[in-house]
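K.L.:
Produce the entire structure from the sequences given, and follow the hints as far as they go.
2 protein chains.
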Amino acid sequence: MIKIKILSVGKTREKWLETAIAEFEKRLTGQVEFECKWFKNDKRLAEEADKEPSVICLDPEGKEFDSPGFADFIEGQGARMTFVIGGAEGLPQALRRSGPQLSLSKMTFTHQLSRLVLIEQIYRAYTLIKGIPYHK
Amino acid sequence: MIKIKILSVGKTREKWLETAIAEFEKRLTGQVEFECKWFKNDKRLAEEADKEPSVICLDPEGKEFDSPGFADFIEGQGARMTFVIGGAEGLPQALRRSGPQLSLSKMTFTHQLSRLVLIEQIYRAYTLIKGIPYHK
Numbered sequence: 001m002i003k004i005k006i007l008s009v010g011k012t013r014e015k016w017l018e019t020a021i022a023e024f025e026k027r028l029t030g031q032v033e034f035e036c037k038w039f040k041n042d043k044r045l046a047e048e049a050d051k052e053p054s055v056i057c058l059d060p061e062g063k064e065f066d067s068p069g070f071a072d073f074i075e076g077q078g079a080r081m082t083f084v085i086g087g088a089e090g091l092p093q094a095l096r097r098s099g100p101q102l103s104l105s106k107m108t109f110t111h112q113l114s115r116l117v118l119i120e121q122i123y124r125a126y127t128l129i130k131g132i133p134y135h136k
Numbered sequence: 001m002i003k004i005k006i007l008s009v010g011k012t013r014e015k016w017l018e019t020a021i022a023e024f025e026k027r028l029t030g031q032v033e034f035e036c037k038w039f040k041n042d043k044r045l046a047e048e049a050d051k052e053p054s055v056i057c058l059d060p061e062g063k064e065f066d067s068p069g070f071a072d073f074i075e076g077q078g079a080r081m082t083f084v085i086g087g088a089e090g091l092p093q094a095l096r097r098s099g100p101q102l103s104l105s106k107m108t109f110t111h112q113l114s115r116l117v118l119i120e121q122i123y124r125a126y127t128l129i130k131g132i133p134y135h136k
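Protein chains in written order, with the numbering used here: chain Z, 1 to 136; chain V, 1 to 136.
Think of the hints as simulated: they come from the structure by calculation, not from any bench.
The beta carbon of each residue, even a glycine, is placed where N, CA and C say it ideally should be.
Careful, some of the hints might be misleading.
Said to hold, decoys possible - Computed cross-link-like contacts, EDC-like style, restricted to lysine to aspartate or glutamate with a CA-CA straight-line distance of at most 20 Å: (1) V/Lys15 x Z/Glu14; (2) Z/Lys40 x Z/Asp50; (3) V/Lys15 x Z/Asp50.
Said to hold, decoys possible - With beta-carbon atoms standing in for the labels, derived distance ranges: (4) V/Asp50 x Z/Ala22: 22 to 30 Å; (5) Z/His135 x V/His135: 41 to 49 Å; (6) Z/Lys130 x V/Lys40: 24 to 32 Å; (7) Z/Ala79 x V/Pro100: 41 to 49 Å; (8) V/Gln31 x Z/Ala22: 40 to 48 Å; (9) Z/Ile132 x V/Tyr134: 35 to 43 Å; (10) V/Asp50 x Z/Lys130: 34 to 42 Å.
P.N.:
Here is the structure:
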């Protein structure tokens, strides 16, 4: 079982987002176990991210993949992955040092929308890796 | 009042997506009027898009903007805009001929997720154009 942690700032208040994310998590049951952690500010996020052996930071200036490229990237990461999504001010400078930086889009997304797009792309990646049809 | 049409294939069945889109539409009340139209297949979509004076087609191979660049793009379009989002097989070839092509990301999104990201970015663009704070 792959374990994916997502660290971000600010809890989700939007019910629609919780529903959407739960739907993608459900589709990945048995293959990927998600753990989402929220921190109250960028400083706390950076402290927690520093405890991880390696992190993948989401940043609009990071590397952009197409979906098959992202599937290859995911497959190359092994069985443990930690993604870090910054708050309204983006990622703390201190965090930008380690590991690959990933961009979902050149556009700026809220951290809520980033989390949804990230989980949807992780689900899409596994449909490509496992050769299963994308559930619509 | 700006009028924005979004033409796409396949009606949204996900309640979370309807809620999310309604939230962004509400925030733009008085500034932007949205009209979303769904067609049952790419052929019908192409026929309807052909009736529009000009269309902006969403395509992963289109031009990518950052959010301020997208705000400039939106501002330059005048008071009527029609966005076209293709179905699972992407845009019909016939439609790729006219007008600018816009990419939200190098990644492939479902047409549902594309619609949400597009409307969120339109809302974000108007906060930049009007100098109003982004509601979180």
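K.L.:
Going back to the hint list, which numbers does this structure go against?
P.N.:
3, 4, 5 and 8
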